[in-house]
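Novice: Residue numbers (the numbering used here), protein chains in the order written: chain A, 47 to 360; chain B, 47 to 360.
Note that these hints are calculated values from the structure, not bench results. Possibly wrong hints are sitting among the right ones.
As the list makes no split between identical chains, a pair holds if one copy fits it or if it spans any two.
Each computed DSBU-like pair below joins lysine-lysine, with the alpha-carbon atoms no more than 30 Å apart [said to hold, decoys possible]:
1) 247 x 276
2) 269 x 169
3) 276 x 181
4) 247 x 169
5) 85 x 181
6) 94 x 181
7) 342 x 48
8) 349 x 181
9) 136 x 85
There are 2 protein chains.
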Amino acid sequence: MKKVTVFAPATVANVAVGFDLLGFPLDCVGDTVTVEVTKKARVVEILKIDYDLDGGVELPLDPANNTATVGMMALVKDLALVHGFRVSIKKGIPIGSGMGGSAASSVAALVAANALLERPLTKNELFPYALMGEKLATGSAHPDNVSPCLFGGLTLTRSAAPVETVSIPVPSFIYCVLVHPHLRLDTRESRGVLAPQIDLKAHVRQSANLAGFIAGCYREDPKLIASSLKDVLIEPQRERLIPGFARAQDTALGHGALGCSISGSGPSVFAWTDARATAESVALAMVSAFAGAGVKADSWVSKISAQGARIVPP
Amino acid sequence: MKKVTVFAPATVANVAVGFDLLGFPLDCVGDTVTVEVTKKARVVEILKIDYDLDGGVELPLDPANNTATVGMMALVKDLALVHGFRVSIKKGIPIGSGMGGSAASSVAALVAANALLERPLTKNELFPYALMGEKLATGSAHPDNVSPCLFGGLTLTRSAAPVETVSIPVPSFIYCVLVHPHLRLDTRESRGVLAPQIDLKAHVRQSANLAGFIAGCYREDPKLIASSLKDVLIEPQRERLIPGFARAQDTALGHGALGCSISGSGPSVFAWTDARATAESVALAMVSAFAGAGVKADSWVSKISAQGARIVPP
Chain A
47 MKKVTVFAPA TVANVAVGFD LLGFPLDCVG DTVTVEVTKK ARVVEILKID
97 YDLDGGVELP LDPANNTATV GMMALVKDLA LVHGFRVSIK KGIPIGSGMG
147 GSAASSVAAL VAANALLERP LTKNELFPYA LMGEKLATGS AHPDNVSPCL
197 FGGLTLTRSA APVETVSIPV PSFIYCVLVH PHLRLDTRES RGVLAPQIDL
247 KAHVRQSANL AGFIAGCYRE DPKLIASSLK DVLIEPQRER LIPGFARAQD
297 TALGHGALGC SISGSGPSVF AWTDARATAE SVALAMVSAF AGAGVKADSW
347 VSKISAQGAR IVPP
Chain B
47 MKKVTVFAPA TVANVAVGFD LLGFPLDCVG DTVTVEVTKK ARVVEILKID
97 YDLDGGVELP LDPANNTATV GMMALVKDLA LVHGFRVSIK KGIPIGSGMG
147 GSAASSVAAL VAANALLERP LTKNELFPYA LMGEKLATGS AHPDNVSPCL
197 FGGLTLTRSA APVETVSIPV PSFIYCVLVH PHLRLDTRES RGVLAPQIDL
247 KAHVRQSANL AGFIAGCYRE DPKLIASSLK DVLIEPQRER LIPGFARAQD
297 TALGHGALGC SISGSGPSVF AWTDARATAE SVALAMVSAF AGAGVKADSW
347 VSKISAQGAR IVPP
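Isolated chain A, as found in the complex:
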């Protein structure tokens, strides 16, 4: 039986200044999906789902209702395959954490299935199928987790349809801290708090930060990154959903982080630092800030991974 296993990384979307546009992968946490070829033409089955972290939440085994497989179901139909796929999922990413878990499962499953095709598709061709998982998970096909998960690196999705992504260079001194407070936040709810309109003045301020952040990455300028990596638009609307956020952000900046904001739609929080030692101390301080607000939290320190989803050698 032919089978392939793929690891797809957790991703931080929005990145403070690029709502629905920017995202980057971590290198130390992700979902792992194994896909086997079966004889049942165009049938997708889920064999099992394992959970690294016991969050008390279980994902549906029905392939039409699981983000990992809904895109694959469309793929087997579109390609009129004479075989099917059986999928085993190992969730390393906590569910509802704002760490891009639905994108990771979806991308991992598709990259694995693709490796089993006689004529594999390009990543750009896989992209719309991966977005179907996001649509199922959150009600909107936002691309900012899928793009970095599939392509790797800090990724700007300039256009989702047709897909046009741009890889933004990340200075080699950057280390990311990701803290996951043990709260579950539904992406639909977190999107629901956002006002459909914003002030033109807020647009200008956020745009200044976005442009400064992109330029700061190209110039490898930690000072410019620090002055730019600020969300004046989305974070003020969402922070009240995350008890302890303000305290964790303050302490991150106080311990030398270049910037700190909500990862995706939360509740996870990320920070960028310009050295590993700073990242380690920021991570400890943030976890203890959440503890002070009565919230348990896990943390990771990671480079921004240049790699997206990748095949795991058997």
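Since chain A is already given, all that's left is putting chain B on it; use the hints.
Specialist: Leaving out everything else, chain B in the frame of chain A:
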């Protein structure tokens, strides 16, 4: 008698994707200001104003009401100078054209006066004085003409107070077309048509273009610049103020321009191309498109000047 003459270039602000943030200077058109030291402590006088182009509009000779001198008046007070300045202005930039004329006069006058000081200020220190001219001219101290006029190059104003500007590299193949239709548009009126709120979705689309444009400049990627250099936010609200705009834009893109939008608050229109020959043909086509709408127009073809305001050798 000590005197200094400074040329300050016309500038294109907004640049389609960076409302109130981005601007760049042309190298072929600008205002020229001569400043002489006088014995009258802290007194600023305007000797004369010459007009290269007869637009039938005259600027005030009262220094408190002229954008070229209002910042200088604050400067002589703040520095408690024991002398004064006499100012002669040569307007090469048509008035009310959206080509940054008020910024150019203001910057030219300040750079000239500064060269006559015993202890000259830095450009960053001159910046707030130059903004006073913009405030007088338009009612708001928007920095997107002043920054490129003072510093040169494609300039992002990340913050106006305190001033933080970032020079974005422009690919060497870029040629700019600037077309000035003979309409006069008051900046206050042009700002007045803008809705104070925008859709979050429009913000996301415009941000995608801004980030793509900045990345495209760093990557020297004409395709990315072309897909990104589009204003989905401000241009749709302002284009009706400029008869012939839609036709001129269509023809520019049809003749191979990478992008085309309103210069500043209009009515001038700029286009970027990836070759001088293309720029020449785009310029002709745009002038003829405006003619088709019954509007006379002048045009310039220029590199993006890396230089801002500069002293003219005597």
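Novice: Against this structure, judge whether each hint is valid.
Specialist: Against the structure, the hints come out as follows:
1. Taking CA atoms no more than 30 Å apart as the test, residue 247 paired with residue 276 passes in both settings, with 15 Å inside one copy and 20 Å between copies.
2. In this homomeric assembly, residue 269 and residue 169 come within 30 Å of each other (Cα to Cα) only across copies, at 20 Å, whereas the closest approach inside a single copy is 35 Å.
3. Proximity of residue 276 to residue 181 under the C-alpha cut-off of 30 Å is found in both arrangements, the shortest distances being 27 Å within a copy and 27 Å between copies.
4. Taking the shortest alpha-carbon separations for residue 247 and residue 169, only the inter-copy value of 26 Å comes in at or below 30 Å, while the best intra-copy value is 37 Å.
5. Taking the shortest Cα distances, residue 85 and residue 181 sit within 30 Å of each other inside one copy (29 Å), while across copies they are farther apart (73 Å).
6. In this assembly of identical chains, the alpha carbons of residue 94 and residue 181 lie at most 30 Å apart only when taken from the same copy (22 Å versus 65 Å across copies).
7. In this homomeric assembly, residue 342 and residue 48 never come within 30 Å of each other (Cα to Cα): the closest approach is 42 Å inside a single copy and 71 Å across copies.
8. Proximity of residue 349 to residue 181 under the C-alpha cut-off of 30 Å is restricted to the intra-copy arrangement: shortest distance 29 Å within a copy versus 45 Å between copies.
9. Taking identical chains as interchangeable, the C-alpha atoms of residue 136 and residue 85 lie at most 30 Å apart only when both belong to the same chain, with a minimum of 23 Å there against 82 Å between chains.
Violated hints amount to a single one, hint 7; each of the other numbered hints is respected by the structure.
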